[in-house]
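Novice: Join the two chains, each given in its own frame, into one complex according to the hints.
Chain order of the listed sequences is U and X.
For the first sequence, this note's numbering assigns the number 1 to the initial residue and increments by one for each residue that follows.
For the second sequence, this note's numbering assigns the number 1 to the initial residue and increments by one for each residue that follows.
I should point out that these hints are in silico values taken from the structure, not numbers from a laboratory.
Backbone N, C-alpha and C fix where the C-beta goes; we use that ideal spot for every residue, glycine too.
Keep in mind that the hints are not guaranteed to be accurate.
Unchecked claim - Below are the DSSO-like pairs computed for lysine-lysine, each with C-alpha atoms no more than 27 Å apart in a straight line: (1) U:Lys142 to U:Lys155; (2) X:Lys32 to U:Lys155; (3) X:Lys153 to U:Lys142; (4) U:Lys132 to X:Lys153; (5) U:Lys149 to U:Lys132; (6) U:Lys149 to X:Lys32; (7) U:Lys155 to U:Lys132; (8) U:Lys132 to U:Lys142.
What the hints assert, rightly or not - Which bits of chain X does chain U cover? Going by a derived footprint, with three or more residues having C-beta under 8 Å, they are: (9) 26-38; (10) 110-119.
What the hints assert, rightly or not - To give a feel for the contact side, a few chain X residues facing chain U, derived at Cβ under 8 Å: (11) Arg15; (12) Glu97; (13) Arg100; (14) Gly101; (15) Arg105; (16) Thr274.
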Amino acid sequence: MKTLIRIFRRERAIVDAVTENLAISVRGLRKAYGRTVAVDGLDLAIPRGEVFALLGPNGAGKTTTVEILEGFRRADGGEVRVLGTDPRNATPAWRSRVGIVLQSTGEFEELTVAEVVHHFARYYAGADDPDKVIDRVGLTEKRDARAEKLSGGQKRRLDVALGIIGRPELLFLDEPTTGFDPEARREFWGLIRDLAAAGTTILLTTHYLDEAEALADRVGVIARGRMVALATPAELGDRRNAMATVSWQGPNGPESERTNAPTAVVAALAERFGGEVPGLTVTRPTLEDVYLAMIDKNAISKEEAA
Amino acid sequence: MSTVVDQPVARAARRRPGALSLGLSRGALELKQFARTRPYLIFTLLFPVLIVLIFGAAFHGDAGGGVSWTQYFVTGMIASGLLATGFQNLAIQIPIERSRGVLKRLVGTPMPRSAYFIGKIVMVLVVSAISTAILLAMAVAFYGLALPDTATKWFTFAWVSLLGVTACTLLGIAYSSLARTGRAAPSMTTPVALVLQFISGVFFVYTGLPGWMQQIAAFFPLKWIAQGLRSVFLPEEFAAREVAHSWELGRVALVLAAWCVAGLILCLLTFRWTDKD
Ligand SMILES: Nc1ncnc2c1ncn2[C@@H]1O[C@H](COP(=O)(O)OP(=O)(O)OP(=O)(O)O)[C@@H](O)[C@H]1O
Ligand SMILES: [Mg+2]
Numbered sequence: 001m002k003t004l005i006r007i008f009r010r011e012r013a014i015v016d017a018v019t020e021n022l023a024i025s026v027r028g029l030r031k032a033y034g035r036t037v038a039v040d041g042l043d044l045a046i047p048r049g050e051v052f053a054l055l056g057p058n059g060a061g062k063t064t065t066v067e068i069l070e071g072f073r074r075a076d077g078g079e080v081r082v083l084g085t086d087p088r089n090a091t092p093a094w095r096s097r098v099g100i101v102l103q104s105t106g107e108f109e110e111l112t113v114a115e116v117v118h119h120f121a122r123y124y125a126g127a128d129d130p131d132k133v134i135d136r137v138g139l140t141e142k143r144d145a146r147a148e149k150l151s152g153g154q155k156r157r158l159d160v161a162l163g164i165i166g167r168p169e170l171l172f173l174d175e176p177t178t179g180f181d182p183e184a185r186r187e188f189w190g191l192i193r194d195l196a197a198a199g200t201t202i203l204l205t206t207h208y209l210d211e212a213e214a215l216a217d218r219v220g221v222i223a224r225g226r227m228v229a230l231a232t233p234a235e236l237g238d239r240r241n242a243m244a245t246v247s248w249q250g251p252n253g254p255e256s257e258r259t260n261a262p263t264a265v266v267a268a269l270a271e272r273f274g275g276e277v278p279g280l281t282v283t284r285p286t287l288e289d290v291y292l293a294m295i296d297k298n299a300i301s302k303e304e305a306a
Numbered sequence: 001m002s003t004v005v006d007q008p009v010a011r012a013a014r015r016r017p018g019a020l021s022l023g024l025s026r027g028a029l030e031l032k033q034f035a036r037t038r039p040y041l042i043f044t045l046l047f048p049v050l051i052v053l054i055f056g057a058a059f060h061g062d063a064g065g066g067v068s069w070t071q072y073f074v075t076g077m078i079a080s081g082l083l084a085t086g087f088q089n090l091a092i093q094i095p096i097e098r099s100r101g102v103l104k105r106l107v108g109t110p111m112p113r114s115a116y117f118i119g120k121i122v123m124v125l126v127v128s129a130i131s132t133a134i135l136l137a138m139a140v141a142f143y144g145l146a147l148p149d150t151a152t153k154w155f156t157f158a159w160v161s162l163l164g165v166t167a168c169t170l171l172g173i174a175y176s177s178l179a180r181t182g183r184a185a186p187s188m189t190t191p192v193a194l195v196l197q198f199i200s201g202v203f204f205v206y207t208g209l210p211g212w213m214q215q216i217a218a219f220f221p222l223k224w225i226a227q228g229l230r231s232v233f234l235p236e237e238f239a240a241r242e243v244a245h246s247w248e249l250g251r252v253a254l255v256l257a258a259w260c261v262a263g264l265i266l267c268l269l270t271f272r273w274t275d276k277d
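Bound-form chain X, shown alone (with noise of 0.2 Å):
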């Protein structure tokens, strides 16, 4: 009869995964989850290559330098899908978990709570490899941008990438404690994402815009992500129309690396794993 519930005391002496093998599962499950989702496919991948299209169709001049507006465009598009991927992501899907008490579940179980994280990091790594991968193939095939002709450049794209979506990840966990319910996520959300959009240097060339605008978008970390993604695609003469008349590599390191930490500090301070009781 009692097959299932052997004596409870009587426990097998078998070790639990560490909180690594548990964050790596748990990011399986929510890759699957991520898959089966049609909003989140329709709006993180999805949505980026509409946008694309559109304003590649729609838009055409030159940013300058011998580089199309669509070159440089395009080049911000796969900034902003790490955006997407990182902080939009993360802080609509978190503040729905919680709403639905999903997060509660999870800290009712001996579950490390760094595997939650864990799992959240493989997630946004794998979906941005993958929208970045798809806007990369598109840039290429219809808007003439040229893959990396060097190792330097490979490593600058890694490194910018890498930094630039462990800053959005960090940045989307601290950003969903300010949703106080699932359903005012999105709404908090999304215009962030697209103001910073405006003002990064991603649907406008970053010097046209008016000073003060430069100001506060230099502030955050899409501008910087989107600089570095130029000096990877952009011919090494346009580097010279920046602001700085520069790609400023370092600065984009510094920027970025800035945000980790603040954003690390952020999530370690605020995150919530309950709605208030």
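Same shape as in the complex, but just chain U (with noise of 0.2 Å):
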């Protein structure tokens, strides 16, 4: 009896040891609005200090799951644990660690950005310099200025600076970059990496391809409801071994070739043109190709399912 006790207590242990490891683990989740099924069996495990993108078409169930691990909506069905913690039973202890930046919010209109960040510190225990914030999200002119005269990027910025205000262990970004300029959305990355350096654990999602290439040590794509892929960046779909395209310009116009061989149709290449080929170009799939590509699929599959 005292030998089995031990045995169960020693697996106990060994399971506590793997979910304290993540920072979110969810089993089976499931979500339906009236006879819309948002989210269809969902599972998903990310360890501490990852950063995770969450990439799906519009309705897809991303915004569905991810306030779902928030504590604001309640799901049907599976097993959801945040930072150890079913999110439905958030405390304010819990709700200190854990930071969110909405796919959509309320603003507070007739106050300035550093009245809004200078009282939202107060929340948190450990909260970040207001000011330094403030920089950081790149409002700092704007600090003075009432948060219903910013543009539609600037808004977002606050967004994002009452996200990370509180120091958090874990991020959720909901879309955080719409309506973000190339050169904003640049030092927001950099912001990200700055902040996945120091050991937080973001969980984003996107519609932007590059942005996921660019800060995700996984991506999960979400189609329908259900995980349809998971895998680095690089990996996803295959990608590594997919086909090249080498391409040129011929003598009769552009000419290309799909290959598993790049190096060697380019070497052959360069021996017939007699050094430089004109136009020369090899590529692979972009982590759109193979995205929309793995959309499309899952879309026709559900069809034929039909």
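Specialist: Spelled out as structure tokens, the structure:
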């Protein structure tokens, strides 16, 4: 009997150790709105310190999933653990460890950037310096502007500032860079990398594949509430081993060849042209190509099933 | 590079301020927002002033017992001011904040939920004090209302106002759950307040109203706030002209306290932080 208990305890300890290392663990998550099934048996495990990007077409169930993890929506089924807690039972202590940037949120229209950020800093015991955070999201020039007077991208930066002001262990970002100009997006990427380097776990959703590629350790593609692919950006859809396309400018116009051995093709071309090959490019499918093919295939297989 | 983002694990052991302290700073923020929102200023502070000026100039008459109708009316308007800042203001503002997602954003932080309500209460107390001061100053300057001349009357003024504004605030918060969206809130709230003003002894002398109307009004707080304030500002002889031939201050306290309790229970049971998910 005693040995049984000891074995049981050891098993428990192993399970605890594994889950303890996970910032987020989701099993069989389900959520329906009336007859619309938004999330349909989703599994997800995100270790501490990872930057995870959730991709998927409009209506795939990203926001629903993320808001369940944030404790805003109730799941219909499945098991959810976020920082070791079921988010339905969120306590202030748990909230202080989690930063949230929602897909769409209300602004504090009549208040200035500085007023809002300074005020939110008071909610957290370990808050960051509000002025530094304002600077970090590039709103120093607008610190005394009212939130209602900010441009769309500037409003979004304020959202991000409020998401990170508490120096969260885990940060949720639901389409954080929508409306950012290219420069702002690069600056934002820098911010995310700094946060990740400091050990913050980050779950972000995005429609920008370059963003997922630039930031994420792993990406998950979700379609119709199911995870259809899960890999590093480089490996998604077996991209690394996909055929390359060699293109060049031939005597009669552009030519190209799909191949598994692009180096050999280029060498042969170099010989044929006796040196420089005009207009030479070698490409592999971009993350976007792979992603679009994946979404497409998923839609087709669903139609076949119906 | 990462001066901003220190190790999240090695967070400072600094303690977060408590609910009361956060509630007070929310109150300051709420007041700023209020002062910067013209519709709130106009509706809550300017509108009652305009009504007093217009009605005060247009209607004359006698409420009996040496009291002019305007004196009776302006006392009722001070009571209405409490209804406007507590009930109307919150029943409109909170659904707007909920629809805008402001409340959702707040519950996503470790802010103690009570801090939100403390902030609202602070805002209502300050704004209703301003509203009362403005209306009272007008009443004294233009309509010959006398300020209370005994400590007892000041005391009655204080507790009737406080209890009244508390009941209105709690009911405003409770009522805010009825509006499904922020856009629906004003049209659901303003008529209620207006009807109460008509039947509770603000625009018309209460004793002159039909009995059934009096009975409906006697169920709600406004009638009792107005009656309590009349005991402060109208001469003692006027008490004989009230329905019960007295000010019934005990009953004023009882009814208002009952509404506070009912309002609090309704708030706790019904308050929503988001529109339906
Ligand atoms: N509150 C709601 N009530 C009813 N249906 C909803 C609600 N929220 C989402 N849905 C439905 O659930 C599905 C998933 O929506 P969700 O917002 O999670 O998608 P998403 O992946 O975040 O999309 P997007 O990229 O457009 O943000 C959609 O079909 C949507 O119409
Ligand atoms: Mg979404």
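Novice: Run the structure past the numbered hints and jot down the numbers of the failing ones, going up.
Specialist: 3 and 4
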